[in-house]
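Peer 1: One letter stands for each residue in the lines below.
Protein chains: 2
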Amino acid sequence: MTTRRDFLTKGLLAGAGALMIPELAKAVAKESLPASAPKISLKKDTVILLQGDSITDMGRDRKSNQCNTFQMLGNGYPLFLAGQLLASHPTDNLKIYNRGVSGDKVFQLRDRWEVDCIAFQPDVLSILVGVNDYWHTLIGGYKGTLADYENEYRDLLRYTKEKLPKVQLVIGEPYALRGGSAIEDTKWFPMFDGYRAVARKLADEFQAVFVPYQAGYDAAIKKMHTRYWCADGVHPDLPGRQLMANLWLEAAGLA
Amino acid sequence: MTTRRDFLTKGLLAGAGALMIPELAKAVAKESLPASAPKISLKKDTVILLQGDSITDMGRDRKSNQCNTFQMLGNGYPLFLAGQLLASHPTDNLKIYNRGVSGDKVFQLRDRWEVDCIAFQPDVLSILVGVNDYWHTLIGGYKGTLADYENEYRDLLRYTKEKLPKVQLVIGEPYALRGGSAIEDTKWFPMFDGYRAVARKLADEFQAVFVPYQAGYDAAIKKMHTRYWCADGVHPDLPGRQLMANLWLEAAGLA
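Residue numbers (the working numbering), protein chains in the order written: chain A, -4 to 250; chain B, -4 to 250.
Worth flagging that the hints you see were computed from the coordinates, not collected in a lab. Any given hint could be a false lead.
Note that the list lumps identical chains together, so a pair holds whenever it fits in one copy or between two copies.
[What the hints assert, rightly or not] Result set (SDA-like, lysine to any residue): computed pairs, CA atoms no more than 20 Å apart in a straight line: (1) K21 to A250; (2) K39 to I216; (3) K196 to E26; (4) K39 to H220.
When you get a sec, could you build the whole thing from the sequences and use the hints?
Peer 2: Put into structure tokens, the structure is as follows:
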């Protein structure tokens, strides 16, 4: 019997040659998400807000307030995501904003949530946060625990749904890549896996789209080493940014 | 009988809703290119050089010599093309360079060809040039004719093939979009159509991949006005840059 995992590892990812990223994203989403997973629907004038830490922030101009621009979007996965969304939905008058801030943990999102989230009245809110909630316990003297991450993240999502009852949520899986220059395996694993599990649990609780970034990177890394996609294991290089955009689109049902 | 044009105009492009850009690119390529059109093959260590004018140049750092970086690629279609190529061909060690220079006409490419093309020893050379060869006759006092464009372009390609006999060529169709702020219809058409025809003729002569940018934009503009894709009719905005990258990949057989 050929399982889906067989397809992924023996079929799509076996051997040399092209690894077409839309197909990889599709296979990973199929493998990682239930068939009943929620999807995003876009309508006319949909406001999409991308929130998170440095992975989202990535070179944006913090002074920019103009949606859909290079200044607003920066040059991380939000740019490649916006390129594809805007090109594929020309009649929807989409408004895409990036408000990722480098270094942020969940409580820091909360601190700026009124201005940097609620004020935008997003129809679609995508959040990728968690790597710093763990990383900064290793290098920054941060004292937050996994339980704090879960509780703070749940509170943030509850508050968000209270203020924006109709918002469609996208929760990105925090990831850390073995072989990345910033990732010392014995310090990161298995502890960090708990943060991934919390994000997935919260996505379920809040009927959010869940973007399986870790699974996507793991599949990509079977073809080429971590350095190619994301040299430090956290901040993606160009190929990783494109990969993340495609994973997002596939998970959201917009690919 | 349903012709391919019917499919394009009545099927894919009819009605509202999503206009998935890979599908649009596929339909346009099928419509615009013969089934026997050449394709690009990528191998290990393939060097890809993108040449042209401001449409290619688009914010690159002229001092950068490092392939595959944001500095080298700028933020035009070369960036979106590179993102997809690098993500989909992780084992090929592709080296992608951008040497577009704003304002260039064919003779200006020739002037810098030794340093900015031959020296790279590209395996794949993509050229998009022609809009300034016409535009600058309207606004810059340039005296070159359509025949000059053809002769200079043919000489450039001949010289390139002499120096780089194995190079795989990609020739982009110069385009000018009705409704763009820089395009005054009565001054541009039908004269500019001759430049498009010359580029296609030269692609045939030199067995180059031909990228039908004008047809791609024309199809996209049926869904949303020129301002959305390319406000001045020449320099693409974000949606147009993504569109061009997808048209290139499709024409090259790499989508």
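Peer 1: Treating 20 Å as the Cα threshold, decide for K39 and H220: within, between, both or neither.
Peer 2: between (41 Å within a copy, 16 Å between copies)
Peer 1: At most 20 Å between CA atoms: does that hold for K196 and E26 within a copy, between copies, both, or neither?
Peer 2: within (17 Å within a copy, 47 Å between copies)
Peer 1: Evaluate K39 and I216 at a C-alpha cut-off of 20 Å and name the case that applies: within, between, both or neither.
Peer 2: between (38 Å within a copy, 18 Å between copies)
Peer 1: Up to 20 Å between alpha-carbons, please classify K21 paired with A250: within, between, both or neither.
Peer 2: both (8 Å within a copy, 15 Å between copies)
Hint compliance for this structure: no hint is broken.
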